[in-house]
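Trainee: Chain residues, written in single-letter form:
2 protein chains.
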Amino acid sequence: MINHFAELLSPDQVNRVHEASLHILEQVGLLVRNEKARDTFAQHGCNVDSENLIVKFPHQVVEEYRKLMPPAFTFKGRDPKYDRTIPDQSPVIVTGSSAPNIVDPDTGQERRAESGDIARIAALINALPGHDVFSISTLAEDAPEGQFSLSRFYPTLKYCQKPIRGNTPNFDDLQQILKLLEMVAGGKEAYREHPFVTHHYCPVVSPLTMDLDSTEQTMYLAREGLPVYGSIVPNAGLTAPLSMSGALAQGNAEFLVLAVLIQMIHPGAELIYATLPTVADMRSGAYASGAIETGILHIGHAQMARFYNVPCGGYVGLTNAKINDAQSGYETGMSTVAAVLGGADMLNMTGLMDGLMSFDYAKAAIDDEIALMLKQIKRGLEFSEENLTLDVIAATGPGGMFLDNPHTFKYMKTTGLLPVISDRAPRRGWSDKGALDSNARAINRVKTILSKDYPSFISQDLDAQLRAAFPNLVQGEFVPFGAPQPAVGMAAVSRN
Amino acid sequence: MINHFAELLSPDQVNRVHEASLHILEQVGLLVRNEKARDTFAQHGCNVDSENLIVKFPHQVVEEYRKLMPPAFTFKGRDPKYDRTIPDQSPVIVTGSSAPNIVDPDTGQERRAESGDIARIAALINALPGHDVFSISTLAEDAPEGQFSLSRFYPTLKYCQKPIRGNTPNFDDLQQILKLLEMVAGGKEAYREHPFVTHHYCPVVSPLTMDLDSTEQTMYLAREGLPVYGSIVPNAGLTAPLSMSGALAQGNAEFLVLAVLIQMIHPGAELIYATLPTVADMRSGAYASGAIETGILHIGHAQMARFYNVPCGGYVGLTNAKINDAQSGYETGMSTVAAVLGGADMLNMTGLMDGLMSFDYAKAAIDDEIALMLKQIKRGLEFSEENLTLDVIAATGPGGMFLDNPHTFKYMKTTGLLPVISDRAPRRGWSDKGALDSNARAINRVKTILSKDYPSFISQDLDAQLRAAFPNLVQGEFVPFGAPQPAVGMAAVSRN
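Protein sequence lines correspond, in order, to chains B and Z.
Here this note's numbering is used: the first residue of the first sequence is 357, the next is one more, and so on.
Here this note's numbering is used: the first residue of the second sequence is 357, the next is one more, and so on.
I should point out that these hints are in silico values taken from the structure, not numbers from a laboratory.
Each residue gets a CB set at the ideal place from its N, CA and C atoms; glycine is no exception.
Incorrect hints may appear among the rest.
Said to hold, decoys possible - Ranges between beta-carbon positions, derived for each pair:
| id | chain 1 | residue 1 | chain 2 | residue 2 | range |
| --- | --- | --- | --- | --- | --- |
| 1 | B | Lys803 | Z | Phe837 | 35 to 43 Å |
| 2 | Z | Ala750 | B | Asn371 | 55 to 63 Å |
| 3 | B | Glu375 | Z | Asp760 | 23 to 31 Å |
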């Protein structure tokens, strides 16, 4: 275990960032476009300027409601054995989500992602041991009109029993998805008992603005007691000050507003202090999600989250690389280690390339290994009197060999992580096995997993009901690698 | 800055590891092959069994001498502007060293390294901004008989003014190198005033054994007041117990013996708590220097070093990959971030592939970028009242834009690291530039640096003196990339 997280701020500095955020909220305020949110803030003691839509937050109000945040959050799975509660089960590993594109596993070329891709990705994430939560990795270009979100959630539900995390662009889509979830669960009550989708939004648009649709949906779900949280996404130099501490203070203020809104609506509602903080590459304005500054800012936000006693995490290690090269490895690896040692409980980190633009199967498999390494860090040194092995050291003695010690046999599969993609053979051994790079080894691992058939977790009966309820629903069928693709005609028919 | 390092052990557990190490030294002891070391230990209160060469260390003796360790270590450069003191200037980035092979930059094939390679590598490391210390990266296959070490140090001194760290296999080589260094410095006294080579050895062979030659040289240098330290290299499952805490306790005991020996010889001598702790891959016995367990153990050793108030670090992030692929990136990136956030002051981490077997130019350039990212972590959030930028946030306001703010212009080159190898262009922009992977971009960077000519830091006069003093000395000449190689005949002549 980690006895003490890395800290970049002193306790006094943490306190000062909190005060600075309160100052921002009280003096500068937020532009709140959603009327219901303005009304809620007004009803709870905030000062609303109905002309310019600026809401200002007396610090007493923020202090009152932020103290209602509970200290844990549970991602619930379709199968409860996959439930994950943070911080107890940190780090919880989540896919990166909502990429428009996919690197086609057959051609290696990028193309628009479709619902069939989501079915395959769902099956892969359900199988990969390092992954805890599936945040639907891509959009579905083949979505029939009016089924943007259905075309993403339906294939996901067919092939993934781990907790699902997803977004809907508007209230209509949200209602459609809730109907789908209730049908899958066997009724509204059954779903509410164990809601296996966590909804996620970005209601705050930096700097200091709340939007219409995401805010609306977040408020609705909070009121209904369904799992929901939001991420704060400041980009220093563009939508936040070009200063690490300044970006932290602004982002922290933005989180507080969202948290306070949720607590005003539903006191004690579980939430996550979730962020995607970046520093823009000021040479080109490029979005630098893979930069080390994202990892550094996550350490800062984690410190603020501990000050508020609320679980935290977010998007981290999402590489700007376009292929699985060294950059992809170090960008995903470095910022996520920083986040875990800084105390982030949840990491939206796997499977995406090119700054969240495309999903790549091999990347997901590589990131699964990185995820297992992160979990190994959390195991730490496994200190105990027995693990000090003073008896083993004495019995082996100076100049002795530990290899044939019974203690070594007992622990040979559990002490060190035994990776499946990282290659540890010397150059000749590696060369004799084909001199594959880790991308090729990862593709092989994905093909091994996805060449099997995966039965749907949605029964035929239920499927018929869903198809009756949602005409034109995509097939969202899992097709094993190597098997013939479904005829284009079928997909085309279902689109019309 | 880092306000608090990550910790895997509680203060009580740190204390218990220290006690466990004392117990090992008192009850099990060390096999000490070097007679002078045995004599030194005996003279200072240890119990030496002259038959089986086992030395046992009363804990009072260990406690007395380990308390003499000073809290800092300075790597001195040929040019004092490159001097680096840890922990003040942590993290100090050092090349990995003594690989027998090199990946030939022209053919991409691995071959034995030669003195001309060392000249080029020295010039590269002298130029790369993330590197602080050059630990001579390779051996020199073309070394004339009796000049194994000369053939490594001489080309290094010609092209590198940063602090040099190096090893000699035996006492004769050490004497030859000291003579070389004194001549280069302009005399013994001049060299002693600012000794720009730090000698490094592994006198302790795990488990619990001190060798002959490395011990001899370490003792000599300590006595002479010249910079020297040793690394502890336990490999859990083979030369240490297969337990993270057990390997830590044994490695800590081994460090204490070495530290105590040095302090007995030269009270107050600067040293480093240096380690290369690994966990063997028990499926094959493979050496897993790239495994995350190395990073985890470094956090533990750093905690012990802080308990002793002595600077620390060592070999970390040395990948098992054979090429610059994702594995190479995440293995080097992840364990080094863990080490830095755990408080390691010095990292021997760059340029090597295949578990320390070969040097690769592109790897060195990529690792230089990783090094700059590590230094960015140490900068942290740069907290100050000014950097909270409350005025900038207020002036920009909700929904505003920071891009055209004067504050943004002022800090656009300094807030975020501006990498030269990591590519942040979107896929199309990257593709238009040739779709190069980071290995290819790194090779380009190396070629840009090494296609220039670098004059020798050894004058012609001095060179003539050195050649007179050391007949048959290799040329060790820097040849720019793209320039014709020196005639094979020349090298062949100098070998005979």
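Trainee: Would you mind marking each hint as holding or not holding in the structure?
Mentor: To see whether the hints hold, each was checked on the structure:
| no. | hint | result |
| --- | --- | --- |
| 1 | B:Lys803 - Z:Phe837: 35 to 43 Å | holds (40 Å) |
| 2 | Z:Ala750 - B:Asn371: 55 to 63 Å | violated (21 Å) |
| 3 | B:Glu375 - Z:Asp760: 23 to 31 Å | holds (28 Å) |
Hint violations for this structure: number 2 only, all remaining hints satisfied.
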